[in-house]
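Novice: One-letter residues, chain by chain:
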Amino acid sequence: MLAVGLFPSGLSTDDLKELSYLAMVPENWKVIMKRLTRNPAEIKTLNNDIEDQQALQEQWDNQTDYQLLTPGNYFWVVISKNAAKETLHYQPAQFVNKFIDSDLRAEVASLNFFKLRYLTLLSLSMIKRLKGLYAYHEKVIEHSCISNHGLWMYREDNIFYKGYIKDKRHYTYIDEFQEGPKALDANAIRKVFEAHESNFLSCLESETILSIIKSDGN
Amino acid sequence: MDLIEIAWISIPTIYKLFAASQAGARDLCLRTLKMVDDLEYRELKLTILRAKLHLFLAALHLHDKSENMNTNAVENINHELDSVSKLQEEIEKDEVNMALNHHITFTKAYLFYKIRIGRFLQNEKPNKKKHFMKKSEEILQMIKQCDDFLGPLGEFYDVERCKLAILSSKIALRSLKTRRGIEVKITERIKQAIGVFNVYNLKRLEISANYQFAKIRFK
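Top to bottom, those sequences are chains A and B. Numbering follows numbering that gives the first Met the number 0, in which position 57 of the first sequence is assigned residue number 56; successive positions increment by one, without gaps. Numbering follows numbering that gives the first Met the number 0, in which position 65 of the second sequence is assigned residue number 64; successive positions increment by one, without gaps.
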């Protein structure tokens, strides 16, 4: 709940899968989501037997979040569906974000670090894919990380570069597929950017960054 | 800090590509610069990040068609480049300083070229425009300086060297003094640039270099 609450414009199924792959959210995030969005009637019918509970969990594990969860307004999150892609979008309630910001900043410092790491990878994979699609071309005077030569190259001893960029064929789901139905075109990438715009902006808050630096010490 | 070093240039870049207006990317970059200053950490990587962000802003001003009609744009670009020069005082690493010297001088040379061909300061009166006008020889001299800055730097700066070749060719072809006898050196450099841009898969620059090569051949 905290991890989703840190992203003011929410996360999609694809984002959560990626975050899980990067070990930034638990592997069983679908099951957790299911537990956190059950209505009282559903809870009443639950059998407390441990074996039954385990069987239920296995059943949940085999389903996608699109099959498992019901879109709607929940206490802490609004879940909407994208029928074309058979994915869900999780938008945390505003109070969750405000509460984390005002009362839990120190506690979520490590999660904020994960968030910054993920959104950096997301932005880099968008840039990589746009270049691959020839949707954006480097100019004579470019001065941005579109360039990957000279001054704009990553430092070889940069820890983030070594761990998440160097020798990686793709950074996130954005640049994972070059062809086929799952390959994203420039319009699809723009939509991902628009869906994450507030998330990107939230990476530029002084207090959040200072809390990350204090907790990480690096 | 290693994450910040990459994050705070990649996020403004993605805004530059997608934000509704260039002003959106500029505001975000200014906000990022303020944050780096607020961190109060004096590390080389953060100083270089600040320099990169100032260069990023200079490029935004240079390519923003809505604002490059008047002298404000030139002043803004010069202001950003001056900020980079000031930051160089904090950088002891020769290689970085040489690269920054190149970027400052090359951006200025490109700006003067744009003014010279009338793609900048369209709304200004001729006498004001004249104030910013440089002769072709002076711009070529600036490019020569860039070559000197890049001289000791390695192959990772080949793309920058090839960009210099494109601008040299453009200027030489436009100048009455030089267009008759385009130097063999410029022709050779353009030929090399086509190959380098191809290797780096920089299609727009490769096409631009091919176009320059064709123009030289037709002279």
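Read the hints as simulated data drawn from the structure, not as lab findings. The beta carbon of each residue, even a glycine, is placed where N, CA and C say it ideally should be. Heads up, a few of these hints could be off.
[What the hints assert, rightly or not] In silico lysine-lysine, DSSO-like type, Cα no more than 27 Å apart, as pairs: (1) B:Lys143 x A:Lys167; (2) B:Lys64 x A:Lys127; (3) A:Lys167 x B:Lys202; (4) B:Lys143 x B:Lys133; (5) B:Lys64 x A:Lys130; (6) B:Lys44 x B:Lys113.
[Claimed, not checked] Derived DEER-like restraints, expressed as beta-carbon distance ranges: (7) A:Glu206 x B:Lys214: 17 to 27 Å; (8) B:Leu43 x A:Glu204: 23 to 33 Å; (9) B:Ser20 x A:Leu209: 23 to 33 Å; (10) A:Lys161 x B:Phe217: 15 to 25 Å; (11) B:Ile116 x A:Arg189: 51 to 61 Å; (12) B:Ser20 x A:Ser214: 32 to 42 Å; (13) B:Gly23 x A:Asp156: 27 to 37 Å.
Novice: Please go over all the hints and tell whether each is borne out by the structure.
Specialist: Hint by hint, here is what the structure shows:
A distance of roughly 38 Å separates the Cα atoms of Lys143 (chain B) and Lys167 (chain A); the hinted pair therefore is violated under the 27 Å criterion. A threshold of 27 Å between alpha carbons decides the hint, and for Lys64 (chain B) with Lys127 (chain A) the separation of about 26 Å falls inside it, so the pair holds. Pair hint Lys167 (chain A) plus Lys202 (chain B) holds up; C-alpha atoms about 23 Å apart against a cutoff of 27 Å. A C-alpha spacing of about 15 Å is found between Lys143 (chain B) and Lys133 (chain B), which places the hinted pair at or below 27 Å, so the restraint holds.
Between Lys64 (chain B) and Lys130 (chain A) the CA atoms are separated by roughly 23 Å; this keeps the pair inside 27 Å, and the hint holds. About 32 Å separates the Cα atoms of Lys44 (chain B) and Lys113 (chain B), which puts this hinted pair outside 27 Å; it is violated. Remark: the range hint 17 to 27 Å for Glu206 (chain A) to Lys214 (chain B) is contradicted by a beta-carbon distance near 55 Å. For the hinted restraint 23 to 33 Å between Leu43 (chain B) and Glu204 (chain A), the CB-CB distance of approximately 25 Å keeps it satisfied.
For the hinted restraint 23 to 33 Å between Ser20 (chain B) and Leu209 (chain A), the CB-CB distance of approximately 30 Å keeps it satisfied. Checked against the hint of 15 to 25 Å, the pair Lys161 (chain A) and Phe217 (chain B) fails, with Cβ atoms roughly 49 Å apart. Our hint of 51 to 61 Å for Ile116 (chain B) and Arg189 (chain A) is violated, since their Cβ atoms are close to 33 Å apart. The beta-carbon spacing between Ser20 (chain B) and Ser214 (chain A), approximately 36 Å, falls within the hinted interval of 32 to 42 Å.
For the pair Gly23 (chain B) and Asp156 (chain A), the supplied restraint of 27 to 37 Å holds, since their beta-carbon distance comes to about 33 Å.
When each numbered hint is compared with the structure, violations occur for hints 1, 6, 7, 10, 11.
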